[in-house]
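Here the protein sequences line up with chains A and B, keeping their order.
Here the first sequence stands for residues 10 to 262, where the numbers follow the numbering used here.
Here the second sequence stands for residues 61 to 449, where the numbers follow the numbering used here.
Treat the hints loosely; a few may be bogus.
Said to hold, decoys possible - Only pairs whose alpha carbons sit at most 25 Å apart, straight line, appear in this in silico DMTMM-like list of lysine to aspartate or glutamate:
(1) K146(A) to E48(A)
(2) K207(A) to D65(A)
(3) K70(A) to D302(B)
(4) K70(A) to D90(A)
(5) K254(B) to E304(B)
(6) K70(A) to E315(B)
(7) K411(B) to E48(A)
(8) K105(A) to E304(B)
(9) K105(A) to D302(B)
(10) K183(A) to E304(B)
(11) K105(A) to D188(B)
(12) K211(A) to E140(A)
(13) K183(A) to D247(A)
(14) K138(A) to D71(B)
(15) K411(B) to E110(A)
(16) K70(A) to E304(B)
If you are wondering where the hints come from, they were derived from the structure by calculation, not from laboratory data.
Here are the chains, one letter per residue:
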Amino acid sequence: MNVMDTRATSAMLYLDGVHVSFDGFHAINNLSLTLAPGEMRAIIGPNGAGKTTMMDIITGKTRPDQGTVLFDGTVDLTRLDETRIAELGIGRKFQKPTVFESQTVQDNLLLALNVDHSVRGTLFWRGSKAESERIDKVLETIRLTDARNRLAGSLSHGQKQWLEIGMLLAQDPKVLLVDEPVAGMTDVETHLTAELLKQINKNHTIMVVEHDMTFVRELGVKVTCLHEGSVLAEGSIDQVSSNERVVEVYLGR
Amino acid sequence: MTPHILTRSLDRAAATFILVVATLGVLIPLSNLLLPQGSALHVPTYLVALWGKYVCYAILALSIDLIWGYCGILSLGHGAFFALGGYAMGMYLMRQIGSRGVYGNPVLPDFMVFLNWSKLPWYWYGFDHFAFAALMVLLVPGLLAFCFGWLAFRSRVTGVYLSIITQAMTYALLLAFFRNDFGFGGNNGLTDFKDILGFNVQAEGTRCALFLLSCLALIIAFMMCRAVVSSKLGKVLIAVRDAESRTRFLGYRVESYKLFVFTLSACMAGVAGALYVPQVGIINPSEFAPGNSIEAVIWVAVGGRGTLVGAALGAVVVNYAKTFFTSGPLAPYWLFMLGALFILVTLLLPKGIVGTFNSWRENQRSTGIAADEASAAREDGVRAPKMAE
């Protein structure tokens with residue numbers, strides 16, 4: 010792990026001058042963004058703006074061609090792989106809900122708990138009271154207590170989204186990257202999800218990518234609009250949505 | 061193994077399986093040794109050896125099911141590990157021949173004398189000791205699987221690509237073992253064995269003992285697989301099978317899990333091969349043939365992927381069918397039948413025999429529960445108006 014001697018920044022996540030291109034296509038172009046500890050940030054932007062690629066970079070799935078990506082002011086994320094980054098405390102929810110469909114809701118959460126993830130540790134694992142209490146608590150938070158013994162594959166789309174958020178909670182990371190949490194949800198579910206994220210934000214730093222502007226408005230947090238791989242505008246939802254360029258490239262007139 | 065792993069891994073189906081294998085493992089040798097030849101229940105020696113072969117195949121099938129059924133690694137080269145275990149045992153058996161060979165050389169096996177070799181190659185050293193050979197039975201396949209897996213899994217080779225390179229691996233070994241100068245008997249392989257641990261390999265008693273040992277090995281292999289898949293590690297394996305990158309983002313080192321289970325599986329396949337060789341009396345390069353490995357995958361598919369019991373059952377059923385058909389007038393058509401079997405199972409029984417049975421029983425149970433709930437609801441319905449009053 011490449012830990013720097015002194016803390017370079019007070020930010021929880023710090024991206025500066027990041028570039029990524031795939032076969033000549035500049036997916037991320039001089040992207041700079043900081044996320045303060047405890048902050049919740051909403052990321053908006055048109056398709057192809059680089060939102061998911063940015064998450065790929067932060068979680069180690071994609072290596073940037075150049076630029077700095079620091080976690081907690083000290084750790085250079087560009088040199089670590091997915092597993093190491095997850096262990097450090099960055100959790101991720103995918104755009105398409107990805108849960109372990111052939112296992113029960115409960116087991117999905119058990120797998121997500123941030124306990125010993127070594128081969129030995131899991132082979133000789135035995136459940137503890139503390140672990141099952143944590144699972145119970147998460148189940149309650151995501152309203153899936155009654156579905157705990159059901160196979161995750163049999164859940165509704167919205168429930169799967171929540172289960173995946175629940176898995177993030179069980180993982181208890183310092184930073185949660187949440188990609189389109191309300192895609193395919195009903196209005197009521199969307200509202201509940203906003204409440205859930207606000208509740209989680211009390212002790213976690215969160216970055217949410219979302220297209221649903223009503224949802225973003227409901228979150229009531231600072232918004233960053235990406236376009237062609239770099240930051241187009243940043244500020245409150247009202248500031249950003251009244252920005253000429255944002256209206257032009259994303260919101261439409 | 062701590063007791064809690066044992067209790068967790070022994071469910072009813074597992075206990076039944078162990079009981080059946082143990083019973084057969086004891087009854088078949090007993091009937092062969094104790095009952096008179098003419099008796100209707102007497103099992104002739106050739107059948108003991110044949111069923112011993114099936115049991116070894118069942119262990120191989122288990123090893124494939126462990127990685128394919130639970131972790132999604134489709135190895136089309138598992139026959140290589142089986143054959144390597146077999147060769148390690150064959151080398152021990154060759155050294156036991158001593159001066160009883162055709163050329164009467166006390167150290168060199170016949171084929172080396174025939175090739176005018178003057179001394180034993182270094183890699184044959186130690187194989188005159190059973191303990192050393194037994195260690196190699198585990199170590200050689202295990203080490204190959206470890207190195208192969210380390211390279212493949214770290215580079216994130218998955219799916220079809222992994223299957224293809226496992227085929228290439230077994231094919232490369234096939235070509236190497238065919239060569240006379242490779243030092244393992246070339247085309248003819250190793251055969252004409254005399255005795256094992258001082259007992260004549262052809263003798264009825266030895267065959268029965270080997271059969272019993274094979275059954276014991278099957279039980280141990282099965283219990284090990286059960287212990288693995290019923291632990292939390294088993295849940296991680298299934299997670300890797302179903303959503304590999306998700307598992308990575310949860311902080312699991314996926315390649316370590318794959319490497320562990322692949323190596324364990326290769327060791328099991330090696331043991332199966334080692335028990336197979338003294339029972340069939342020969343090991344030659346054709347055991348590395350890619351077709352063999354594919355056939356073993358078919359056994360698992362037929363029996364039911366990801367069920368363990370199904371894998372073992374599939375190996376026995378398909379091989380019994382093979383023996384039955386290839387010894388009759390239908391012999392030339394066996395490969396067509398095997399192909400048809402695979403297609404039919406894929407189309408009609410995609411979960412295999414045991415998998416289909418399990419989901420049928422699951423359905424029965426859940427409709428049973430639904431019926432109970434419905435009748436309970438009806439009773440509630442009757443009661444509800446009263447409560448309303």
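Consistency of the hints with the structure:
{"no.": "1", "hint": "K146(A) to E48(A)", "in the structure": "23 Å, holds"}
{"no.": "2", "hint": "K207(A) to D65(A)", "in the structure": "24 Å, holds"}
{"no.": "3", "hint": "K70(A) to D302(B)", "in the structure": "18 Å, holds"}
{"no.": "4", "hint": "K70(A) to D90(A)", "in the structure": "7 Å, holds"}
{"no.": "5", "hint": "K254(B) to E304(B)", "in the structure": "49 Å, violated"}
{"no.": "6", "hint": "K70(A) to E315(B)", "in the structure": "15 Å, holds"}
{"no.": "7", "hint": "K411(B) to E48(A)", "in the structure": "48 Å, violated"}
{"no.": "8", "hint": "K105(A) to E304(B)", "in the structure": "14 Å, holds"}
{"no.": "9", "hint": "K105(A) to D302(B)", "in the structure": "14 Å, holds"}
{"no.": "10", "hint": "K183(A) to E304(B)", "in the structure": "23 Å, holds"}
{"no.": "11", "hint": "K105(A) to D188(B)", "in the structure": "59 Å, violated"}
{"no.": "12", "hint": "K211(A) to E140(A)", "in the structure": "22 Å, holds"}
{"no.": "13", "hint": "K183(A) to D247(A)", "in the structure": "28 Å, violated"}
{"no.": "14", "hint": "K138(A) to D71(B)", "in the structure": "23 Å, holds"}
{"no.": "15", "hint": "K411(B) to E110(A)", "in the structure": "17 Å, holds"}
{"no.": "16", "hint": "K70(A) to E304(B)", "in the structure": "13 Å, holds"}
Checked against the numbered hints given earlier, the structure breaks hints 5, 7, 11, 13 and satisfies all the rest.
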